[in-house]
Amino acid sequence: MDVAYMIEIFPKLIMTLPITLLIIVVSAIFGLLLSIGVTYLRLKKLIIIGPILETYVSFMRSTPILIQLFLVFYGLPVLMNSLGFNAGDFGAITSSIIALIIFNGAYLSEILRPAYLSVERGQHEAADSLGYKPIEKFRKVIFPQLAPIALPGLGNAIIYLVHDTSLVFTLGVVDIMGQAKLMLANTYGENKIEMYLAIAIMYWLVCLSSDRIIKLLEHFTYLKRIKRKSKVKKTKVYKESVSIQ
Amino acid sequence: MLSIKDLRLSFKDNEILKGIDLEVNKGDVVTLIGPSGTGKTTLLRCINYLEKPAKGNIILDDLNIDYEKITKKEILALRRKTAMVFQQYNLFKNKTVIENVMEPQMIVQRKSRKEAYETSVEQLDKVGLIDKLESYPSQLSGGQQQRVSIARALALKPEVVLFDEPTSALDPELVGEVLKVIENVVSTGMTIVLVTHEMSFAQKISTKIVFMDKGNIVEEGSSKSIFEDSTNARTKEFLNHFNTNKLNVTKEEVYA
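Protein chains in written order, with this note's numbering: chain A, 571 to 815; chain B, 50 to 305.
What the hints contain is simulated information worked out from the structure, not anything from laboratory work.
Warning: the hint list may mix true and false statements.
Label-pair restraints from in silico Cβ distances [what the hints assert, rightly or not]:
no., chain 1, residue 1, chain 2, residue 2, range
1, B, 187, A, 585, 46 to 54 Å
2, B, 218, A, 664, 24 to 32 Å
3, B, 282, A, 684, 48 to 56 Å
4, B, 70, A, 786, 55 to 63 Å
5, B, 187, A, 610, 27 to 35 Å
6, A, 603, B, 70, 47 to 55 Å
7, A, 684, B, 187, 41 to 49 Å
8, A, 786, B, 225, 26 to 34 Å
9, B, 63, A, 774, 55 to 63 Å
10, A, 595, B, 111, 37 to 45 Å
11, B, 283, A, 692, 27 to 35 Å
12, A, 603, B, 188, 54 to 62 Å
Note that CB positions come from ideal geometry on N, CA and C, so glycine has one too.
Taking the hints into account, I'd like the entire structure generated from these sequences.
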């Protein structure tokens, strides 16, 4: 194996990292936002929108992401045209991002929904009976109990998203994988192993850093608990003031 | 002070409450008794709108609400004048004892942290849990959790406290400590509506007993008039059942 060659190609591959990261970050953020909306509406069990959303989630979760990429890339301009918008071509990167957002809107919803449902009925009823407004109930009671359950699943979903971006080269995006393919073509398929090993390591590094971010978030929810414990000191001061009275 | 008129509620085709009228005066301790599946708990839950009645009217203090036309504002107002103690305690699992009692005051009544803390300590002291302030609900026994939930309810200074079978989920040996706390609450003159199967306790503390069967109120009156002097066949049958259960079942019958 030619390690020198791997070191030589690394900078060229890294040049395309921003494209991959852009796709990951934008699809993750908007995919999560979409999934929150989808989950909210699904939980309401609406008469018409409900079944439509169930179909959407079922379809997106059951069809390969590769096919979804093609469907969006080729299908979306046609759909827009038939609706009367002359949108033209969306371009490979935009199409990839749109496809990944639509996919994650469904996929993450299947993480958020069970996390929400895992919070017991009694917790809702307690907050309701005490006179919490729905938004207060969600913020103070439901979300803090839902988050620790949803976070590991969301962390996994991000790793899948990173992997899924390795498919966008099929639309012609020059991301890490696209760059590797191009370089392989230029060298007539020499040093295949070095090339694939190099990008495997890069994907690994991307996943490691996203994993760290999720761990940090988990740690943050844990830290809040620790902080609460430190509030004990404060409350003890109150206690003294009470006993003095 | 609390007055319910012609309350009706159905689950699908099943009529649970068939036109209930109930009067509760200030300082009353009203106990709902009756066989399981009669709608006692459902009636209680209607009072703070955890169940949605199809029809009926409720007057509580200065509120006069028609259940058919209830607004979000009215729901909130109704819930803020009442407080519920659940069979399963339903303490906020992610919060400590003191936070469980403090937070509703800070959120619902916009009290300052210090004010809420002082009220909470006072209430938790009354239920004998002053040394458990920083425990999480999972670290407490059922009886302790139920006492916290009573403190949480009382800290909001509600007009009426609703107890929904507060001892039914407890180990027999923990029932006593909770009943004692409820007795203390009664002695403060708090208005109470209680659902329970603890008949002797009901007899002891209630100013009014309401006997329900199959979605109707069969008979209501003072403790004495129901438990001792009732002439209603259904009431007698129900209460007799309790007596026979306790006294006349022999070992042979149990293992038969």
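(message) Range first: 41 to 49 Å. Now tell me if the beta carbons of residue 684 (chain A) and residue 187 (chain B) are that far apart.
(response) Violated, at about 21 Å.
(request) Starting from the hint 55 to 63 Å, judge whether the C-beta atoms of residue 63 (chain B) and residue 774 (chain A) obey it. (result) Given about 59 Å between the Cβ atoms, the range holds.
(request) Determine whether the Cβ-Cβ distance between residue 786 (chain A) and residue 225 (chain B) falls within the hinted range of 26 to 34 Å. (result) This hint is violated: roughly 48 Å between Cβ atoms.
(request) Look at the Cβ atoms of residue 282 (chain B) and residue 684 (chain A) and judge whether their distance stays inside 48 to 56 Å. (result) holds, 51 Å
(request) For the range 27 to 35 Å, tell me whether the beta carbons of residue 187 (chain B) and residue 610 (chain A) fit it or not. (result) holds, 29 Å
(message) Is 55 to 63 Å respected by the C-beta to C-beta distance linking residue 70 (chain B) and residue 786 (chain A)?
(response) holds, 59 Å
(request) Indicate whether the distance between the beta carbons of residue 187 (chain B) and residue 585 (chain A) respects the range 46 to 54 Å. (result) holds, 52 Å
(message) Given the hint of 47 to 55 Å, is the C-beta distance from residue 603 (chain A) to residue 70 (chain B) inside that range or not?
(response) holds, 50 Å
(message) Quick check: does the Cβ-Cβ distance between residue 603 (chain A) and residue 188 (chain B) fall within 54 to 62 Å?
(response) violated, 37 Å
(message) If I claimed the Cβ atoms of residue 218 (chain B) and residue 664 (chain A) lie 24 to 32 Å apart, would that claim hold in this structure?
(response) violated, 56 Å
(message) A range of 27 to 35 Å was offered for this pair. Does it hold for the Cβ distance of residue 283 (chain B) and residue 692 (chain A)?
(response) holds, 33 Å
(request) Can you let me know if the beta-carbon spacing of residue 595 (chain A) and residue 111 (chain B) is within 37 to 45 Å? (result) violated, 54 Å
Hints 2, 7, 8, 10 and 12, counting from the list given before, are not met by this structure.
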